[in-house]
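Line order of the protein sequences matches chains A and B. Just so we're aligned, residue 62 is where the first sequence starts under my numbering, counting upward by one. Just so we're aligned, residue 62 is where the second sequence starts under my numbering, counting upward by one.
Simulated from the structure, these hints should not be mistaken for laboratory data. One or more of the hints may lead you astray.
Since the list gives no way to pick one copy over another, a pair counts as held whenever it fits inside one copy or between any two copies.
Derived pair list, reagent style DMTMM-like, types lysine to aspartate or glutamate, alpha-carbon separation capped at 25 Å [what the hints assert, rightly or not]:
#1 K91 / E158
#2 K91 / E79
#3 K92 / E126
#4 K123 / D74
#5 K130 / E158
There are 2 protein chains.
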Amino acid sequence: MYKVIAIYGVPKDLAAFEQHYREIHTPLTKKMPGIEKFVINRVLGSPQGKPSQYIIAEMIFKDKETMEKAMASQEGRQSGKDAFQMATGGLTLLTVESQEA
Amino acid sequence: MYKVIAIYGVPKDLAAFEQHYREIHTPLTKKMPGIEKFVINRVLGSPQGKPSQYIIAEMIFKDKETMEKAMASQEGRQSGKDAFQMATGGLTLLTVESQEA
Chain A
62 MYKVIAIYGV PKDLAAFEQH YREIHTPLTK KMPGIEKFVI NRVLGSPQGK PSQYIIAEMI
122 FKDKETMEKA MASQEGRQSG KDAFQMATGG LTLLTVESQE A
Chain B
62 MYKVIAIYGV PKDLAAFEQH YREIHTPLTK KMPGIEKFVI NRVLGSPQGK PSQYIIAEMI
122 FKDKETMEKA MASQEGRQSG KDAFQMATGG LTLLTVESQE A
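Looking at chain A on its own, in the form it has when it is part of the complex (with noise of 0.2 Å):
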């Protein structure tokens, strides 16, 4: 398998960025063509202290073609579009391959 991994830093306001997440980007990025699965992973701690991360989002594509075709469409783009303007507290984008080990 292949994702986009979207690691968000904690955002300057907590409710704010709460509701667009659920309202506008949820939607946005289940449209986008190809995807899987859509997996939201909310930091609850770290044994190394206070994390700086918030959510690291998770969209699944069966292969890398589909992958890239997503990125590029344009809710690909309006997705990515719209998590950068919503994340104020920073935001890391990753493309990987996935492997159960």
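Based on these hints, arrange chain B on the given structure of chain A.
Using the frame of chain A, we list chain B on its own:
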């Protein structure tokens, strides 16, 4: 679901890291009591430029209690200690609650 997520920075010696990850770290991690899946996400790239992350690993558990017991177990502590020794490019450990959106 609950996960421990390990974000590894790009290591100093790729070959040594890969060998250690495959031969020592993976079997050690899979011994953690209650672990359902160990997923390795290898970073391919980023639309933001050359990424500083190398691997994002997920240790997946059915519930929070199982995850916490696994982290506190001898096997969990061994895996954690090994991870920090191996992570010459840095390591961030996070606990997360995971849901499909």
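**Message:** I want to check one pair: K91 and E79. Are their C-alpha atoms no more than 25 Å apart within a copy, between two copies, both, or neither?
**Reply:** within (17 Å within a copy, 34 Å between copies)
**Asked** Given a CA cutoff of 25 Å, do K123 and D74 count as a within-copy pair, a between-copy pair, both, or neither?
**Response** For K123 and D74, the Cα distance exceeds 25 Å both inside one copy (35 Å) and across copies (31 Å).
**Message:** Treating 25 Å as the Cα threshold, decide for K92 and E126: within, between, both or neither.
**Reply:** Intra 17 Å, inter 35 Å, cutoff 25 Å: intra-copy only.
**Prompt:** What label fits K130 with E158 when the C-alpha limit is 25 Å: within, between, both, or neither?
**Reply:** within (16 Å within a copy, 29 Å between copies)
**Prompt:** With identical chains treated as interchangeable, where does the CA-CA distance between K91 and E158 reach 25 Å or less: within a copy, between copies, both, or neither?
**Reply:** So K91 and E158 pass the 25 Å test inside a copy (20 Å) and across (20 Å) alike.
The earlier numbered hint that this structure contradicts is number 4, and it is the only one.
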